[in-house]
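Q: One-letter residues, chain by chain:
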Amino acid sequence: MIRIVWAIIRKDIAQMSRDRFFAYITILGLVVYVVLFWALPSTVDETLDLGVHGVGANLLAEQLGGEEGLDLAVFDTSDALERAVTDGELVAGVDFPDDFLPTIATGAQATVTVYVPADTTDDIRTAISGLVRELAYLVAGTTLPITAPAEDEVVLGPDRAGDQVPLKDKLRPLLAIFLLMMEMMSLASLIAQEIRSKTVTAVLVTPARTTDFLAAKTILGTALAFVEVAVLMAAIRAFGSSPTVLLTALLLGSFLVTGMALLAGSTGRDFIEILLLSVALIVPMMIPAGAAMFPGSAAPWIKVLPAYGMTQAIVRASAYGAGWAEAAPYLLTTLAWCVGVFALGVFMLKRKVETL
Amino acid sequence: MSSAAIVVDGISYAYDGRRAVDEVGFTVERGETLGFLGPNGAGKSTTIKMLTGRLRPQTGTITILDMPMPSQASKIQARMGVAFEEKNLYTNMTANENLVFFARLFGVSDLDTGGLLDRVDLADRGNDRVAEFSKGMKQRLMIARVLINMPDVLLLDEPTDGLDPVSSQSIRQVIQEEAERGAAILLTTHDMAEADKLSNRVAFINEGRVLVTDTPENLKLTYGNRSVRIRARSDGQIVETVIPLDEPGADERIRQAVAAHELLTIHTQEATLEDIFIHFAGRGLDA
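Protein chains in written order, with the working numbering: chain A, 1 to 356; chain B, 1 to 287.
Next comes chain A alone, as it looks inside the complex (with noise of 0.2 Å):
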């Protein structure tokens, strides 16, 4: 059996390295990954940049310079703030009016105007008017009318205080999707020209079986995927101190979509109908990983996506260097994923190659 899987693998591999699409595709998604993961920058600004103008302004620029993640600009005009923030320079302007200590002092309510982009969110919203009232309070010269409560900080899980990862790193697990899925297309598109040639049944009446034909597609498309990822994953330093559950992850990953390889190789008939599924896959595929990046807009029904487990625990392993126990869960998830997908992706293969 040995002697017949590795001769189907060799001819496999000869059969791909002259599929110039799926080399050059390959190679040139290599490059591209690379090259946009050490574009993006690999620090995370935790600064908050606020502007201030009006009476106060500068009270509050000397009492708060120092202050660690507040950066506090001094505008000599409302238009200059106005200005500022909507370049973008600002997270937000803070416009004290020119009557508002004597206002205040009369105990009538002053209004101060707060500038904020467009595209600012709620939470950060409410955190600037949070802000905004300790800042009237410093600038009218009283405190909160409450005394303030002592905290006890509990912090559950790891504590990565400090320690924020940048957007890059978080970029690994989609880039390591779309490499996957490049391979699975390159598989699943060799299976379906062997089901259409109908070079597999001249291959099923020598001494070789379907078992062997299916052995060497997994071997070969796993192998392949796994090599490659790993590869692109090494270029982009992403094997800190947990390289083992990184590497387990990926072949997690690469055995993932050589089932989906199986089951899209059975049903597609031609490269058209290849590249429909496989957009059809990379689709589910990829919400995981590109919730990933911003983990406040994931919906928790991601969760029962294929790709959910493999992407935390590249995630977690190579930014977090998480070790086994914390990428357990979700390697086993992964695990759970690939047996499915490959069970079915192997029964519809050999159901088809069967019956031609």
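Bear in mind the hints are in silico, worked out from the structure with no lab data behind them. Note that the structure is predicted; figures quoted are calculated from it, not measured. Here a beta-carbon is modelled for each residue, glycine too, at the ideal position from N, C-alpha and C. A couple of the hints might just be wrong.
[To be verified] Derived DSBU-like pairs (lysine-lysine); straight-line CA-CA distance at most 30 Å:
1) A:LYS350 <-> B:LYS49
2) A:LYS350 <-> B:LYS197
3) B:LYS75 <-> A:LYS350
4) B:LYS197 <-> A:LYS352
5) B:LYS220 <-> A:LYS352
6) B:LYS197 <-> B:LYS220
7) A:LYS303 <-> A:LYS198
8) A:LYS350 <-> B:LYS87
9) A:LYS352 <-> B:LYS87
[What the hints assert, rightly or not] Not the full set, but computed from the structure, chain B residues with beta-carbon under 7 Å of chain A:
10) ARG79
11) GLU86
12) ASN88
13) ASN92
14) PHE133
15) VAL166
Given the coordinates of chain A, work out where chain B should sit on it, guided by the hints.
A: Frame of chain A, contents of chain B only:
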């Protein structure tokens, strides 16, 4: 040990209740070529699928080289060569690479690709990609592929269908050589003339049933109408007379026809396999 390399005994197969092959039986001896003749949809391909182990007969048995098919499929296939009607070659690989790949599947380590390609007149095209080959060249390469493992049994499905005379002749030559070597050959075709030339015996199949199996000669003698066609000149006109030999008084009629006029040509005429098939099936192969 049976002298027959292929023994098919009452096999049947139905797709969704429709019988494609119905109680089919025949044998092919070692060194014999059996022409398996029938129109499209007659059950030839389903029979071939069962013989290659790709379908399991729903009734009946198949014994090839004294081993039951499909339960001993691997062992049988190691000694079998199959050429399909479809040119199922790896077109982005060279002719040599195609042969080497299949040799690896058969476990043949000392393959003489040059010699094999030479047998099908492709010796100088070994390093060319199959995509560049004509239909005839592809078919010849298919035949070369069949010979990789020096098979004891050859199943050839329409091996010369639609080919140019040169390619057809090259393939016929190989088939005759393989039969002389001792291989049992099942030749599926709807080309009656080819079957007549290559087959020791022919089996007619129609609507899933084998109608008759015999040598072409016996079939023609038993079921065909022999006749003599005489062309003569009479009063400046050419007269053609056809006299069936199997009718009473044929000898006398021939003598009279020859004596009465100025004889131009005289030919004997025997039935073709097509005539015999029509006799049994009530229709021609292309009907």
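Q: Each hint needs a verdict: does it hold in this structure or not?
A: Comparing the hints with the structure gives:
| no. | hint | result |
| --- | --- | --- |
| 1 | A:LYS350 <-> B:LYS49 | holds (16 Å) |
| 2 | A:LYS350 <-> B:LYS197 | violated (40 Å) |
| 3 | B:LYS75 <-> A:LYS350 | holds (21 Å) |
| 4 | B:LYS197 <-> A:LYS352 | violated (38 Å) |
| 5 | B:LYS220 <-> A:LYS352 | violated (44 Å) |
| 6 | B:LYS197 <-> B:LYS220 | holds (14 Å) |
| 7 | A:LYS303 <-> A:LYS198 | violated (40 Å) |
| 8 | A:LYS350 <-> B:LYS87 | holds (22 Å) |
| 9 | A:LYS352 <-> B:LYS87 | holds (19 Å) |
| 10 | ARG79 | violated (10 Å) |
| 11 | GLU86 | holds (5 Å) |
| 12 | ASN88 | holds (4 Å) |
| 13 | ASN92 | holds (5 Å) |
| 14 | PHE133 | violated (14 Å) |
| 15 | VAL166 | violated (24 Å) |
Comparing the model with each earlier hint shows violations of hints 2, 4, 5, 7, 10, 14 and 15; every other hint is respected.
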